[in-house]
Amino acid sequence: MSAATLFGLCAAALIGIGLYGLIVNPHPLRKILAFNVVGSGVFMLFGAIARRGAAAGMGGDPVPQALLITGIVVAFSATALAVALLLRLFDETRSVSLASDAPDKTQPGVDDV
Amino acid sequence: MLTTPGGTLLVMAVLVPFVGVLLGLTLGGRHVWRVAAVTVLAGLAIVASLASMLLQSGDTVVYLLGGWAPPLGIALRADSLSVVMMLAVAVVICGIGLYARSDFGSVAGAAEARAPFTFWLLLLAVWGSLNLVFVSGDLFTLYVALELVTFSGVPLVCLDGRGETLRAALRYLLFALAGSLLYLLGAVLLYGAYGTLDIALLAERIRPEPIAWSVAALMTVGLLAKTALFPLHLWLPPAHAGAPAAASAVLSALVIKGSWFLVVRLWFDVMPGVVTLSAAQLLAGLGAAAIVVGSVVALRQERLKLLVAYSTIAQIGYLFLMFPLAFDAGGSALVHGPALTGGLLQAVSHATAKAAMFMAAGLVYAALGHDRIADLAGVARAMPITILAFALAGLALMGVVPSGAYLAKKLMLDAAASSGQWWWEGVLQGGAVFTAAYVVLVLTHVMRRPRGPAQPLKRVSRLSEFAALFLGLCSLLLAFAALGPLPGDLVKNPLAPGELGTTLLVFLGGTLLALGLSPQPLLAATRGGPLRRTMTRAGIAFEHSDGFVRRWPSASIALLTLAALFGWLLLARPLP
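As you go down the protein sequences, you meet chains A and B in turn.
Using this note's numbering, the first residue of the first sequence is number 1, and each one after it goes up by one.
Using this note's numbering, the first residue of the second sequence is number 1001, and each one after it goes up by one.
It should be emphasised that the hints constitute simulated quantities derived from the structure, not laboratory data.
All values derive from a computational prediction rather than experimental measurement.
Think of the CB as a built atom: it goes at the ideal place given N, C-alpha and C, for glycine as much as any other residue.
Treat the hints loosely; a few may be bogus.
What the hints assert, rightly or not - Stretches of chain A that chain B covers, calculated by requiring three or more beta carbons in the stretch to come under 8 Å of a beta carbon on chain B:
1) 10-23
2) 29-36
3) 41-47
4) 80-92
To be verified - Per label pair, the in silico range of CB-to-CB distance:
5) Ile69(A) / Val1011(B): 21 to 27 Å
6) Arg30(A) / Glu1543(B): 52 to 58 Å
7) Met1(A) / Ala1329(B): 26 to 32 Å
8) Thr1008(B) / Ala80(A): 30 to 36 Å
9) Ile69(A) / Gly1547(B): 28 to 34 Å
10) Arg1162(B) / Gly59(A): 48 to 54 Å
11) Leu1477(B) / Ile69(A): 26 to 32 Å
12) Leu1531(B) / Leu9(A): 57 to 63 Å
13) Arg1551(B) / Phe76(A): 43 to 49 Å
14) Leu1457(B) / Arg30(A): 24 to 30 Å
15) Gly59(A) / Ala1203(B): 27 to 33 Å
16) Leu6(A) / Glu1543(B): 48 to 54 Å
Assemble the whole structure, with the sequences as input and the hints as a guide.
Listed below in structure tokens is the structure:
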């Protein structure tokens, strides 16, 4: 098995694990982490594709690497925005549930448990 | 391939709104709306000159960034498809800017507030990123543009910073991110298989083979999640529930059009021979389900804002009906033809009409302090311009009188008849009946004579009312497209017996639906009839199923199932 294939399979595994986490974890922070795991899988796949498509004597195709950096920046900004929203949500309601009928724990008369 | 004359306009159309964002950010909250006003005017001029240039030459305008040609460089391209969308977005942004002037304009002597400051910056950011979506000639640039649209759309949901709006924004962001990852995965696989992401080069190199089918399935479903097509609409209703009316108008009229446009680009320009008729049938089938579920749940809503939000879900479904109708005679490849024109016209008239409807709903809320549909009696007398705007937008969406949506419906009906897909004719007409139902429902309530003393009304800005009316009128006046680029025989005399009969049938069907499904009975006589009981029960069942579909696990499983289903339908193509 060539290195590119091995990395490709690892990427597929990461994407699978991330998608599973994105679906089953109710906690938004875990969803954000799962999003990053899927993202890492996609970027790794792109790296493997860059290696496979390299011309003779070169370490890798440069175009995917340029795109990869951009992709990482976009994923980083997305994570930052999501975490900022999550922190603000916790400040406002003292709960981080995404369910639409989640209790607002800052209201008087609701137990703060 | 070289940069064509006027190519600089493409860069300007993207850059000018973002320069406005940076300038507004530097100058601060007191001046931000002035910066926005200047930017909107400049952007409108740029788009208008781009349109006139395209109209004269008829060729695609191209700009090569840094003078590097694809596949190494990145090209910006504007064909007639993109210019039509850019014009529509510019007009709607103008209308929304006028509307928001009274809500978010700075008042002399008042302290700076965060919401107006953020609103104007985000409005310009949405505009710039949408223009980038329309002119990008490269699938990776499109990914970045699409993420920019989402990043500027999400904070619009939580402008007032209350807990529930933050929750809605987070839901929207996370689900949109899941969708964009599927899109990115598709783009990566395409690069691995064909060595380029440039749309024109890809269209030459792509072959109907398993890798192209998987890419088509992944990218389409990822984009559907961002467009909020049923059953992937979990983020849309809560996002609209708490957002200010101007922000809702941006989200519903413009933001979802970005990812919709990308589906169109992908299917029609990148892989017209890769996608199959059966996959297109599934896409339009989801659209038909969206029309039924969205409209029935809209009729069951008690708040005007949420009624308009759910009607958006139905209208999104309408936008996907054109896909199976746009195949060539052999049913093997998608072609640019009347069905695509119809779909585009539908998108443009939805953008203007839905923005007008959200504005009217926002004005009603501002005047009354609530927007419970059952308590709207007497509003028509107090705010005639607002209600006129709502009614015009509703008429335009129904597509009964000569309007943009009417032409779109005619074009798609013709395409359905000529390709023998009679079932889509039924869906197209049925959609109009559902639209008529919620327009009739709202109009009946607002025209009622109020029981007891008249409700105290706050004065709303005249400018905002006229902005809503302007967009509603735009949607109707799109019918004049028949004078220019469209065949003129599409418009028939609206008073001819056949046309009048259809109009009456649509209204009659709509009234019956409204009578049966409204949460409060419209007429005392229908209270407790057996038909009304059955329809109410059906309506509640639809609400429950909508609630189930909108839960996170079911929506994300639907996302993956749909990807698999699209892949399977593309794989199971008939052998030539």
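Right, here's what the structure says about each hint:
no., hint, in the structure
1, 10-23, "holds (count 4)"
2, 29-36, "holds (count 3)"
3, 41-47, "holds (count 3)"
4, 80-92, "holds (count 7)"
5, Ile69(A) / Val1011(B): 21 to 27 Å, "holds (22 Å)"
6, Arg30(A) / Glu1543(B): 52 to 58 Å, "violated (30 Å)"
7, Met1(A) / Ala1329(B): 26 to 32 Å, "violated (47 Å)"
8, Thr1008(B) / Ala80(A): 30 to 36 Å, "holds (33 Å)"
9, Ile69(A) / Gly1547(B): 28 to 34 Å, "violated (42 Å)"
10, Arg1162(B) / Gly59(A): 48 to 54 Å, "holds (52 Å)"
11, Leu1477(B) / Ile69(A): 26 to 32 Å, "violated (47 Å)"
12, Leu1531(B) / Leu9(A): 57 to 63 Å, "holds (60 Å)"
13, Arg1551(B) / Phe76(A): 43 to 49 Å, "violated (29 Å)"
14, Leu1457(B) / Arg30(A): 24 to 30 Å, "violated (48 Å)"
15, Gly59(A) / Ala1203(B): 27 to 33 Å, "holds (31 Å)"
16, Leu6(A) / Glu1543(B): 48 to 54 Å, "holds (50 Å)"
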